[in-house]
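Here is how the chains run, residue by residue.
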Amino acid sequence: MELVVPINLRKDRKVKRKIQKLKDPVGLVIIDPKIIELVAQVTVEKGWIGFGTTEKIFQVLLEEYRKMAESWEKFMEGIMEVKIVEGNFRKEIEKVYEELKPDRIYFVKSGGFNPYWTVVKPIYEQMRKNYPIEIL
Amino acid sequence: MKKIIVLSISAFFLVLPIIFNPPSGLSPEGFKTVCIFFTCALWWITNVVPLMITSVFAMAMLSIYKVSSPSEIFSKFGSSAIFFVLGSLILASAFMRSGLSTRFALKMLEKLGKSAVGLVMGVYFISSILSIFISSHAVAALMFPIVMEMTFLLNDERMSKTLFLSMIWGAVLSSSLTFLGGARAVLAVELMREATGKYLSFLEWVERAFPVVVTELVLGALILWYISSKINVPIDAVRRDVKEKLSNMGKVTSREKLVSLVFALAVIGWMIFGKSFGLASVSLIVVLFLFLLNLVRWQEVEEDVNWGIILMYGGAIALGRVMNETGVSNWIIGFFEKFIKSPGMFLVFLVIIVVILTEFMSNSAVVAFILPMALSAQAKYGIPAEVITLSVTIPSGLALMMPMSTPAVAMAISSGKIDVKDTVKYGWILSIFGAFLTILMAKYVWR
Chain D
-13 MELVVPINLR KDRKVKRKIQ KLKDPVGLVI IDPKIIELVA QVTVEKGWIG
37 FGTTEKIFQV LLEEYRKMAE SWEKFMEGIM EVKIVEGNFR KEIEKVYEEL
87 KPDRIYFVKS GGFNPYWTVV KPIYEQMRKN YPIEIL
Chain F
61 MKKIIVLSIS AFFLVLPIIF NPPSGLSPEG FKTVCIFFTC ALWWITNVVP
111 LMITSVFAMA MLSIYKVSSP SEIFSKFGSS AIFFVLGSLI LASAFMRSGL
161 STRFALKMLE KLGKSAVGLV MGVYFISSIL SIFISSHAVA ALMFPIVMEM
211 TFLLNDERMS KTLFLSMIWG AVLSSSLTFL GGARAVLAVE LMREATGKYL
261 SFLEWVERAF PVVVTELVLG ALILWYISSK INVPIDAVRR DVKEKLSNMG
311 KVTSREKLVS LVFALAVIGW MIFGKSFGLA SVSLIVVLFL FLLNLVRWQE
361 VEEDVNWGII LMYGGAIALG RVMNETGVSN WIIGFFEKFI KSPGMFLVFL
411 VIIVVILTEF MSNSAVVAFI LPMALSAQAK YGIPAEVITL SVTIPSGLAL
461 MMPMSTPAVA MAISSGKIDV KDTVKYGWIL SIFGAFLTIL MAKYVWR
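So the sequence lines, in the order shown, correspond to chains D and F. All residue numbers for the first sequence refer to our numbering, where the first residue is -13 and numbers rise by one. All residue numbers for the second sequence refer to our numbering, where the first residue is 61 and numbers rise by one.
Read the hints as simulated data drawn from the structure, not as lab findings. Hints are supplied without guarantee of correctness; some may be wrong.
What the hints assert, rightly or not - Once the Cα atoms are required to be at most 16 angstroms apart in a straight line, the calculated EDC-like pairs of lysine to aspartate or glutamate come out as: (1) Lys481(F) <-> Asp(-2)(D); (2) Lys(-3)(D) <-> Asp479(F); (3) Lys481(F) <-> Glu217(F); (4) Lys53(D) <-> Glu217(F); (5) Lys42(D) <-> Glu362(F); (6) Lys290(F) <-> Glu363(F); (7) Lys42(D) <-> Glu360(F); (8) Lys(-3)(D) <-> Glu360(F); (9) Lys69(D) <-> Glu(-12)(D); (10) Lys(-3)(D) <-> Glu217(F); (11) Lys53(D) <-> Glu360(F); (12) Lys53(D) <-> Asp216(F); (13) Lys42(D) <-> Glu363(F); (14) Lys42(D) <-> Glu217(F); (15) Lys107(D) <-> Asp89(D).
Stated by the list, open to error - Just a sample of chain D residues kept apart from chain F, beta carbon distances all over 10 angstroms, derived: (16) Val28; (17) Ile35; (18) Thr39; (19) Lys53; (20) Tyr117; (21) Pro118; (22) Ile119.
Stated by the list, open to error - Looking from chain F toward chain D, a few residues come up when the C-beta cut is under 7 angstroms (computed): (23) Ile69; (24) Met208; (25) Asn366; (26) Pro444; (27) Pro463; (28) Ser474; (29) Gly476; (30) Asp482.
Nothing here was measured: the structure is a model prediction, and the numbers come from that model. Using N, Cα and C, we set each Cβ at its ideal position, and we do this for glycine too.
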């Protein structure tokens, strides 16, 4: 069984095909407000926007991420069951890993500009030392 | 890994003037300055630290290397350009906090958004009008939730992409028209004044930028019309949402009325008194009125203004001045003289470099990086300083394609509704056309 954790929730057909090739995938969408807050900061870092406005962008992105989570769940219908949780990214993965004991954990992401990956990458680098995680 | 590589290269640059003698044509101070300059350029391009920290680093190194005295270098924080920008950002904060900007956006959407084309053109028109008066980054931040909501209600991929394109293009293209839409214009004019003593007033800038900006806006409108006219999607949900949001806002408040009055007076003040009293003085009087009339609170201003702009611009102005004084700018331009013989060729080369660079780094950083060098070409090629300044600053605003170029593009792409291939697909037309227009204006009109 493989645990699939999407990073930026794009409806990417290439990603979908890769997941289809897995033996027994189970999806875990984690909505971590802290990560989305950092994504908002990455998005505006080259501009002259104050932290108050960044906060508003964070709220918009958080709301959008929740909608994208449901949309991604529908996109994966028929391929795998997807669980949507809200909480700390790392802790949620660790919790599910303890419960399900998957053979591997796959982070899936689409290419191109991906501020979510920019933020998650250090977590991935840390976690792969202790868990069987790779990028699909 | 990237950080290690960048810092290693930087260390190499910074050690060079300690170990080696300066190259021919450059004084020891000039050698130190050019090494600091290229280190800063590398940091601005790679964003290894925030832009403003690079500027702070420049100031510290210029002091440590004794290129100029600390009092000289740090006095650049007192530049009038910085205070003008601060004043305009505080005014923008009042404008947005009062709800006026949102009301304007929703009102225009109500009037124009009667079809898919109308919605797209509405977002474009709103973004471009607002960007004339407030920073394009703030406009993008304002329009972002409105456009996101629209894309959710419309649930159509093509419409989502087109709406985000109209947001980006409207906000970005208009920002070069005045000193208010893009603070880089103020930085550019200040760098020009430091280097040459020449100056462009608020109105003079608008006069010169107008043909390029308006032509680009028209081209952008035509492209958006072409794309959206093929989209047939019911927009009733959006129209209902806009109506509801407008209704929830209630009547125009006295705060909104007063803010619009103060704003109008500010713009008139900059146009009429900008040259005689200085733009910064007008800005600061406006700020005073905003607080006297309780139109904004200090907490709101603290949240809305990115104070790093003071550090960024102070450092950039100091570095630009030192590059001029130590002869570094002349020395660098001397290299290009060997390959670029004519003024026309120089302008073409300059505009192309700027248009490419601005897709990969902040617009202000492009101006801070390129303009000090380019200004020394005025003597060598006989090109007026104002022409060089406009030829760098206006194309530096053509950041339409890559997410690292401007927050408007980064925000749009982070929404997940649009991708880099979408922003590039039509954005390149506007970039190339804008570059071409700039070169034409530089050669035949601005001189």
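Going down the list of hints, with the structure as the test:
| no. | hint | result |
| --- | --- | --- |
| 1 | Lys481(F) <-> Asp(-2)(D) | 14 angstroms, holds |
| 2 | Lys(-3)(D) <-> Asp479(F) | 12 angstroms, holds |
| 3 | Lys481(F) <-> Glu217(F) | 14 angstroms, holds |
| 4 | Lys53(D) <-> Glu217(F) | 15 angstroms, holds |
| 5 | Lys42(D) <-> Glu362(F) | 15 angstroms, holds |
| 6 | Lys290(F) <-> Glu363(F) | 41 angstroms, violated |
| 7 | Lys42(D) <-> Glu360(F) | 13 angstroms, holds |
| 8 | Lys(-3)(D) <-> Glu360(F) | 38 angstroms, violated |
| 9 | Lys69(D) <-> Glu(-12)(D) | 14 angstroms, holds |
| 10 | Lys(-3)(D) <-> Glu217(F) | 11 angstroms, holds |
| 11 | Lys53(D) <-> Glu360(F) | 30 angstroms, violated |
| 12 | Lys53(D) <-> Asp216(F) | 15 angstroms, holds |
| 13 | Lys42(D) <-> Glu363(F) | 11 angstroms, holds |
| 14 | Lys42(D) <-> Glu217(F) | 24 angstroms, violated |
| 15 | Lys107(D) <-> Asp89(D) | 21 angstroms, violated |
| 16 | Val28 | 8 angstroms, violated |
| 17 | Ile35 | 5 angstroms, violated |
| 18 | Thr39 | 5 angstroms, violated |
| 19 | Lys53 | 6 angstroms, violated |
| 20 | Tyr117 | 22 angstroms, holds |
| 21 | Pro118 | 23 angstroms, holds |
| 22 | Ile119 | 19 angstroms, holds |
| 23 | Ile69 | 21 angstroms, violated |
| 24 | Met208 | 6 angstroms, holds |
| 25 | Asn366 | 4 angstroms, holds |
| 26 | Pro444 | 29 angstroms, violated |
| 27 | Pro463 | 4 angstroms, holds |
| 28 | Ser474 | 5 angstroms, holds |
| 29 | Gly476 | 6 angstroms, holds |
| 30 | Asp482 | 10 angstroms, violated |
Of the numbered hints given earlier, the model fails hints 6, 8, 11, 14, 15, 16, 17, 18, 19, 23, 26 and 30; all others are met.
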